[in-house]
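Novice: Here is how the chains run, residue by residue.
Number of protein chains: 2
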Amino acid sequence: MSDITVGADALHAFLTRAYEGLGLPGEDAIRCAAQMVDAELRGVNSHGCVRFPVFADRLRRGTANPRPSVRTITDLPAYSLLDGDLGMSAVVGSRAMEVAMEKAAAAGIGACALRRSSHTGHVGYLAALALQKEMIGIVISGATGNLAPWGGADRLIGNNPVAFAVPSNQEFPIIFDMATSKVARGYVLLAARAGEPIPEGWALDPEGNPTTDAALGAKGTMLPLGGYKGYGLALMFSFLTSALSGNGFDSEQPDWLDADHPFALPLLAIAIDPGRCLGGDYQAAVDDAVRQVKASRLAPGFDEIRIPGEGAHRRYAAALKSGVGLKEAVFGDLNRIAAEVGAEPLAAS
Amino acid sequence: MSDITVGADALHAFLTRAYEGLGLPGEDAIRCAAQMVDAELRGVNSHGCVRFPVFADRLRRGTANPRPSVRTITDLPAYSLLDGDLGMSAVVGSRAMEVAMEKAAAAGIGACALRRSSHTGHVGYLAALALQKEMIGIVISGATGNLAPWGGADRLIGNNPVAFAVPSNQEFPIIFDMATSKVARGYVLLAARAGEPIPEGWALDPEGNPTTDAALGAKGTMLPLGGYKGYGLALMFSFLTSALSGNGFDSEQPDWLDADHPFALPLLAIAIDPGRCLGGDYQAAVDDAVRQVKASRLAPGFDEIRIPGEGAHRRYAAALKSGVGLKEAVFGDLNRIAAEVGAEPLAAS
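Top to bottom, those sequences are chains A and B. Okay, so the first sequence: first residue is 15 according to our numbering, each after it adds one. Okay, so the second sequence: first residue is 15 according to our numbering, each after it adds one.
Just chain A, same shape as in the assembly (with noise of 0.2 Å):
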């Protein structure tokens, strides 16, 4: 089964309609659709055009909302506590950042926590919003429970990603995001979506045994992330989402694929101000060690060093031109939708 191509600029402007489609405000579901098409262009495709469907379904059953009130709870000098009220997270996680990056710009260091966002989204385009004021941007999100405890089998533990943007003068934006899992919890989805298999230490089954069916591996467990230690970060991770915004445990969320009940999500957004932190060029400092770890000499079988963000940036710029690769389900199903809405539909470049 072939990729469709779509081009960028299409995809956008469908997405576009298409959350307007779904009751969002004109500069939401423009919002909405920069961080799906973002996804794409960067290659970060478990988190793009394949998540649509559920959201789209989740607007319409109302267990995420088009036109969230996001409330403060509590607002300190340099902290803010966010509720989401079910908002997409395009809309709400990007208001968490901006809060961040107005505490840092007051107090060197600023953080908001937000809970009841109905989901998180690619993250890393949630910590570049700092490059914007040139600050050090970092993201820690929930997720719903799907890792087991080091030595368990039950699923409880998101595998909550994080991801951090850093300012530089490089070419590319410096962005790195990971899971905690040993892999992002998407690709064991695409996978089943496109009905192929998943490689062995990616998910456990229902029963807790390895597997390399995807469709078991999405009703089981993930693997975490080099065994106790992901375990340890996904935990931590909770304690500073789900616990420090009051959001309920991470197995207290339904199921991804559960459309019927509310997913609400938190997550950590920080901003540092690294200019005035260190009172010196932070850019240039971290352009010197881009250039050291550039030269390294090279290991066998590789042809270059690639520093976080890079190799996303080369994508991006790839796809801007050539269009954004689709597969024919996840076409077909974001074309239903839009009939559904009564959208206008989307078209292979």
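Errors might be hidden in some of the hints.
Stated by the list, open to error - Residues from chain A that face chain B, not an exhaustive set, calculated with beta carbons under 8 Å:
hint	residue
1	T88
2	A125
3	P187
4	F190
5	M192
6	M250
7	G294
8	I319
Quick caveat, the hints were computed from the structure, so don't treat them as lab data. Virtual Cβ for every residue (Gly too), placed ideally from N, Cα, C.
Here the structure of chain A is known, so what remains is to put chain B in place on it, guided by the hints.
Specialist: For chain B alone, coordinates are given in the frame of chain A:
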């Protein structure tokens, strides 16, 4: 070669005398001894007494400073940058966490970057200081360049560790720390000191080949946790410590064993006051998560789910009673140095 057992109190008293013999004021000597004994008691012996000979060497050669003048470089409402004047970590690293906690008490979150600490030591110890005020503590430390970048063969990036301490009502303190290498470099040094081999996957030799020879691994590069992800984390932690504190890139540190040159590490301490930030009972939320995690169905081959810090606390409690086991070579080094600085020797219990 069997271990030699010493009582924790006797070890603490001995190390205090030895650090005083090396020129530290009494209170600072006590802090240094406490950090090192804590590492031994918790089973983090890679950061215990095996490190003492190099600390002693540095203090005697003037490449570490027994009486540092800590200087404040920048001071913002929620953030400070300190220069540690090559002081011992238990002194200047603790000071950084205390400043972060003072900032957090005022602003919700607080951070303190530190440059020119002579070392960081057992990083969980510094994070756990936050628990005294029922705060969350996070410490990220720089390390000397000992990881190659992904696809490279040069020692450039520190296996920069992170530690989290989370307040709760559990009987054990929740503390999770990890290096971004597959294992902490101290375990390679410990194996090299004991003439023991290391498992595959821990280190590469100086030419970039996999090795099980601890001595070669100690001269080569450590392998990152989880491949590319560990590389990404280590580099982000460098940007948050070395670059953010103006400490110079990780690669610019001398080798740990080269005591002729100052070893000047950076760290970033972050404290969050969770009760105020949440406006509710944070510790109850953590307890609820812990209860759920510990109640998980077990996977085959496991008889218990442990929370990070729980196993270390059991080792701690047991070793408080039964004593700390030191390798004969390490025990010998301690008493050789004690004799040199005129401190009373350590006796086996």
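Novice: Work down the list of hints and note, for each, if the structure agrees.
Specialist: For each hint, the structure was consulted:
Among the interface hints, the one on T88 of chain A holds; its C-beta lies about 5 Å from the nearest C-beta in chain B, closer than the 8 Å criterion. Nearest Cβ of chain B to the Cβ of A125 of chain A: about 5 Å, under the 8 Å cut. The hint holds. Because the smallest distance between the Cβ of P187 of chain A and any Cβ of chain B comes to about 13 Å, over 8 Å, the interface hint for this residue is violated. The interface hint given for F190 of chain A is met, as the beta carbon of that residue sits about 4 Å from the closest beta carbon of chain B, less than 8 Å.
With 8 Å as the threshold, the beta carbon of M192 of chain A comes within range of chain B, its nearest partner Cβ sitting at about 5 Å, so the hint holds. Below 8 Å, beta-carbon pairs count as interface contacts, and M250 of chain A has one with chain B at about 4 Å; its hint therefore holds. Of the supplied interface hints, the one on G294 of chain A holds, with its beta-carbon coming within about 6 Å of a beta-carbon of chain B, less than 8 Å. The beta carbon of I319 of chain A is positioned within 8 Å of a beta carbon in chain B (closest approach about 5 Å), and the interface hint is therefore held.
Violated hint: 3 only; the structure is consistent with all others.
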